[in-house]
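Mind docking chain B on chain A? Use the hints.
Respectively, the protein sequence lines represent chains A and B.
In this text, residue positions in the first sequence follow the UniProt record's numbering: the first is 1, and each later residue adds one.
In this text, residue positions in the second sequence follow the UniProt record's numbering: the first is 1, and each later residue adds one.
Worth flagging that the hints you see were computed from the coordinates, not collected in a lab.
Hints are not guaranteed to be accurate.
Some chain A residues judged to face chain B by a derived CB distance under 8 Å, without partners named [unchecked claim]:
| hint | residue |
| --- | --- |
| 1 | Ile17 |
| 2 | Val40 |
| 3 | Gln54 |
None of the values given here were measured: they were computed from a predicted structure.
Glycine is no exception: its CB is placed at the ideal position from the N, C-alpha and C atoms.
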Amino acid sequence: MTVGSQVKGCFASVKSIEASLQLFVNKSQDEETKETFLQVQQLIKEVKDDLQKQVIQLSKEEPQYK
Amino acid sequence: MPDWIFVIIRSITLIAILFFMVKWLGAKQLSQLNIFETITGVVLGGIVALHTVDLSSNFLYALIAMAIWFIVPFSVELISLKSKTFRDFTQGKSTVFIQDGKIMEDNLKKRGYTTDDLLEKLREKDIFLASDVEFALLEPTGSISVLQKRDKMPLTAKDLGIKLAPKKEPQTVIMDGKVILEPLANLSLNLNWLETELAKLNVSIENVFLGQADSDAQLTVDLYDDKIAVPEPTEKPLLLATMKKCQADLELFSLATENEESKQLYERNSKKLQAAIDLIFPSIQ
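Same shape as in the complex, but just chain B:
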């Protein structure tokens, strides 16, 4: 048999083996690999490359070498899952670089980081002033995690004391003009509902490129034909507007009437409606 056939056979076998090994070793992003995993990857690749083209080598040796380079990292990973001490040993520990706003010079030196390196890492996190940092940590993977000082953190609804309605993930119910049933069932909705909503929007399902429904079963669609304007969902704004209108009406009645009893009734109910509006506002805005 000519040599090139061997090359093909070897390549395909090794590709298959390598594929499954990488799969079992776990999917991590390249930048998240620790040193040991990086070396494993390089060596496995090297073995494969070498034995694919070098026909004088014994193919069995390739398999043995790969098996060892697979079993050892695999068992290391298994043991690391169980033991914290072992994990610290193989994966390394994180190092505190900045604590209570003060840079730990000794720790920097220990990990071989210059001041420029630290500043560069901070700049990557959009921090240009080291004194803005409350706490910074060098992770074993080499990335830096930063906790900024309280007054430099973005404002959240919690800081402002605003109550927000919880929001669940939206589900994609139509893709490329076809209904996807599973997400629809996740929202406990059915095809009838979808058809009704589409009829409300006055579009046919074939024309829908993407349709998503949120946890309140509000459908938003994107159409193939971008010239057609899709109406915004109006249910919630309409409800809020009606509530506001009724509240205003009741207030008006209470001002207009001269009957003391009716006046009190209108006033009381106007206040109730106002309370209702305040309560529902976060959920439907």
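The following block holds chain A by itself, in its conformation from the complex:
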């Protein structure tokens, strides 16, 4: 596995985490818990955005594995 595909895999996992969190935010009845989930979701979103840039950059660096 190339570095590019590994990072891509991690990026996919982060996206899945974000989606699960969204699910919990919607399902949770307790305001405080909801707030926590929203905070965590924000953090994950930042990580996701960074990783996305990295994925694009890596695909430029290793066009042969695209």
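Here is chain B on its own, set in the frame of chain A:
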């Protein structure tokens, strides 16, 4: 008419009256009654018993006596609700038995408690050493309330400085194989959700003896057929595991790369994920 018919009529009438009186006087447990309420109960019972079987007595007298024994305690209760002084007079005050870890001998004597009585009451609270008690109070009902010394109290999450996620009461959504709609609505969930969750567990609703959902809408069920294994809820552990995996991956990338800029990016995000894990841990463990 034969006498036994009168007995039946009297019994039924008195039972009905007594039932409503007890209801209006308020539901309290027998052990929580104060002296006055106990006497009222006994006397009301006595009146009923007497007039049920004694046919020579005037039935009207029974009604009058019961009415008085009902009205007086009822008004006493009403006034007690309004006035603290009156309440102290009718219900009695609590007496301090142990203060600052010291037994108040005079108060014990005043309430007619021997040392053995006090020790017995403490033992009922699983306290065998009187010096473990910081503060103890004899309630008007005769039960004793005890505050133990700080170092004898059970440890709580607050003592340890652990933050715990708030937990709301779970709702019972399935009973005896039937959906109960009201609790489901309390969680703002609907039948569709329930059907989906049951499908995920691979069980049919007829087979569910009891189903409960917590405030995070996680369904747990007990089945009629105990041979079928129900999978544990996996959503939350799975989320936590994925987060941990991603965090580890990012750390690995940061170690593997030689590009300084990428290294910093991975490191930064790995730390962010760690912060996220720490934040969410109490809520999903």
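(request) Any hints from earlier that this structure breaks? Give me their numbers in increasing order, please. (result) none
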